[in-house]
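Visitor: Single-letter residue listing:
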Amino acid sequence: MSRIAACFERCRGAGRKVLIPYITAGDPDPAVTVPLMHAMVKAGADIIELGVPFSDPMAEGPVIQKAMERALAHAVTLDDVLEMVRRFRQGDPDTPVVLMGYLNPVEIKGYADFAHSAAAAGVDGVLLVDMPPEEADDLLVELRKHELDMIFLVAPTTGTERIKSITAAGSGFIYYVSLKGVTGAGHLDIEGVKKRVTGIHELTALPVGVGFGIKDADSASAIASVADAVVVGSALVKRVEANAPSAEAINQAVSSLLAEMRQAMDAA
Amino acid sequence: MEQVKKQTEDYNQPDARGHFGPYGGLFVAETLMGPLKELREAYEHYFQDKTFLDELDSELQHYVGRPSPLYYARRWSETLGGARIYLKREDLNHTGAHKVNNTVGQALLAKRMGKTRIIAETGAGQHGVASATVAARLGLECVVYMGEEDIQRQAMNVYRMKLLGASVVPVTSGSRTLKDALNEAMRDWVTNVDNTFYIIGTVAGPHPYPAMVRDFQAVIGREAREQILQYEGRLPDALIACVGGGSNAIGLFYPFIGDASVKLYGVEAAGYGLDTDHHAAPLCAGKPGVLHGNRTYLMEDSHGQIIPTHSISAGLDYPGVGPEHAWLKDSGRASYVAINDDEALQGFHDLTRIEGILPALESSHALAYATKLAPTMGKDEIIIVNLSGRGDKDIHTVADHEGITL
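Chains A and B are the protein sequences, given in the same order.
Sequential numbering of the first sequence, starting at 1, is according to our numbering.
Sequential numbering of the second sequence, starting at 1001, is according to our numbering.
Hints were generated in silico from the structure; no laboratory data involved.
Computed from a predicted model, the values in this text were never measured in an experiment.
Don't be surprised by glycine CBs; every beta carbon is placed ideally from N, CA and C.
Among the clues, some could well be false.
[To be verified] One side only, chain A facing chain B, incomplete, derived with CB under 10 Å: (1) D56; (2) E135; (3) V154; (4) A155; (5) I166; (6) E260.
[To be verified] Covered by chain B, per the in silico footprint, the following chain A stretches (three or more residues, Cβ under 8 Å): (7) 69-83; (8) 122-132; (9) 197-207.
Could you build the full structure based on these sequences and the hints that come with them?
Guide: Laid out in C-alpha cells, this is it:
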C-alpha cells in the first residue's frame, strides 16, 4: 500500500479528515522549505503538497504565481525540489509528499528519470495540472514502476463519463477543484461541492480531496464535513509572503493557521 | 522529391485528439477539458455547415475585403536578379493584417455557441485589434490581455482597441509580454467558461485551436494557389512566410502541402542572432516541450523553464510555435530558417523604397529571406511571400532603432 493510501486509511480509522497544505518549494528562498514542511506536520498536516516552480503557471492565481516567481529568482529546479524531499524524508519517514506542478519540467527531465528520482527521494504522488489522463499513458507506466501515485483533478465542468476515466487512471486520491477559476479565487459553495463529491464517491473507491478557495478554519471545517481531505494553498502562501524573509516568522504564521484549521476540522 | 511526395500525399493532420505526430495534443487544466470538447464539436459541426461557411465567406469578402491581391513585385524581383517574387497582400485586409481572417471566423463561431463575451491575448496588438474589431461588429463584449511591456511599446494599438470598445487588461506577471498575456487569458477563461469564448490568435494552444485557426487562415493559401495558377499557369517553386506562432505561415502553406514540388520556408526571428540568448526561434534553436496546451518546440532552459525571447518584431516575440510547424519541420516537408533584427529592417526598407509598400516588421523577416533565396533561383522560377501585415504600426520602432524621434 502506498504511503498516501495508508495515510487515508489511518485517518479514516481515527475519524480524522486529511489536511493537505500546499507550499511552493523554494519560496521565499530554498532554505525555508524543509523546516517549514516539518513545522506543518507538527501543526496537523497529514500530507504535504509541494509546488514545483514553473515559469508559466497557467492555473494559479496571483498569490501562487508570485510564490513561483520568488522561488525561480533563486533558480529552484525540479532536481532541487527532489533534494528538499530527500532531506525532509530523513526526519519524517511517514508523511506522504505530493509534488504539484506543471508538465514541462518533468517532460524535460524525462519520464523514466523523473519517476526513478522522485521515488528515490521519497516522493509519493504527482499532480501535474496540465497533464490530463488522455496524454498521461507513457508517464503513468513509469510512475507505476515505482509505485508513485498520479493524482488527477476533477473540475465543476467534468462530466460523469470523464470522471470514470479519470478515476480509472488516477490513484492516491482524487482532487476536486471546488470552483471554476484559478487557485486562491472566489467563494465556496459548500452544498454544490457536497453534491459533486457525493457524485464522485459513487463512481470510485478513491478518497476525494477538495481544494481551491479554502481560506480559513471555517471553510476548512465546512469542506471537511463533505470530503475526505481538505487542500489549502494560497491562504498559506500569503502568510509565507507576508512574513518573508524570516524563516521563523513564516513557520509560526503558517503553523498557526494550519493548527486552527486542524482544530476546526477535528471539532466538527 | 520522392520523399516529399510521400510526406504530402496522405497528409491528414492532426489525428482525432489533435496530435501532429508527437506534437500538439491537449495539455490544459481539467476545468478547460469540457469547454474544449464543446469547442471542438462546434468547430467540427460548423465546418460542415453550409450556412455558416456562406456567412464566413460573405464576411471575408465584404468586411475583410478578400480576396487579397497576389501582387507581382517586378522591380524588387529584378533588383534581386533571380526568381520572380509575388506578394500575397494580407496587409490590405481590414485592420491591416492576416489576423482578422481568424477573428472573424472564431467570433462567428462564438455567436453560434451562444457566447456573449470574447477574450483574446495580444503581443503587438494586431490580434487584439482584430478581436476588438469583430467584437464591435457583432456586438460582443471584448477583453484583451496584453503584457505591461507591450502596452508601453504599442500605445497606438492599445488606444485603437479602446476606441473599438474593448477593455485592455495589463498583465504584470512573468515577463509581462505575449506569453504572459496568454497565461492570463487562460486564467480568465477558466474562471468565466460559461459565457466566454477565447479567441486564440495563432495556431498554438490546445486542440482544436491549432487546426481550427489553420482552417480559418487557409483562405490565404487557397486564394494564392488559384491566383498564381491564373497568372502563371503553374504552381510556385517556393513559399516564404514569417513564423511566430505561425498562423500566417500555415495559412499560406496548408493548401500547398500536397504539392510536392512547392518548397515551404518558415522564417523565425533570430533577434540579435541565434548564437546569442536573444532570439525567438524555437524551431531553429529550441527543443520540444509542453506549453500553453500543446507539445511543440520551445525556448526553454535545461530545467524546463520558459526563457525570455527577443525580436524587434513584437508579433514574433513568442517562445513557442504552432505544433503543426514542429511536425512539418521534423517530417522535412517544410524548412525553417531565421532572420535577425538587422536583416529584417533591411527587408523593411527595401520593400518600402523599391515597391512603395510599407511591410510589418514580422513580414519583413519573410521578405529578408526572399532576398537571400531569390538570387539563388532562376528567372523562370516563382516565389510567393506572405506579406502578412502592414508596417504603419512599426514606424515608431523603426525610427527609435535609427535614433530618430518622431
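Visitor: Go check the stretch 69-83 of chain A versus chain B for me, would you? Three or more residues, Cβ under 8 Å, otherwise it fails.
Guide: It holds: at least three residues are needed, and the stretch 69-83 of chain A offers 5 whose Cβ sits within less than 8 Å of chain B.
Visitor: Taking a Cβ-to-Cβ distance below 8 Å as contact, does the stretch 197-207 of chain A have at least three residues touching chain B?
Guide: violated (count 0)
Visitor: Against chain B, does the stretch 122-132 of chain A show at least 3 residues with beta-carbon separation below 8 Å?
Guide: Satisfied; 4 residues make the cut.
Visitor: Tell me if A155 of chain A is really an interface residue toward chain B, meaning its C-beta lies closer than 10 Å to one of theirs.
Guide: Cβ of A155 of chain A sits 4 Å from chain B, so the hint holds.
Visitor: Should the hint that E135 of chain A touches chain B count as held when the rule is a Cβ pair under 10 Å?
Guide: Since chain B brings a Cβ to about 5 Å from E135 of chain A, closer than 10 Å, the hint holds.
Visitor: Does the CB of I166 of chain A sit less than 10 Å away from some CB of chain B?
Guide: Status holds, d = 8 Å.
Visitor: Given V154 of chain A was flagged as interface, is its beta-carbon under 10 Å from a beta-carbon of chain B?
Guide: holds (6 Å)
Visitor: So, D56 of chain A near chain B? Judge it on the closest CB pair being under 10 Å.
Guide: holds (5 Å)
Visitor: Verify the interface restraint on E260 of chain A: the C-beta must sit less than 10 Å from at least one C-beta of chain B.
Guide: Result: violated, 28 Å to nearest chain B Cβ.
Checked against the numbered hints above, the structure breaks hints 6 and 9 and satisfies the rest.
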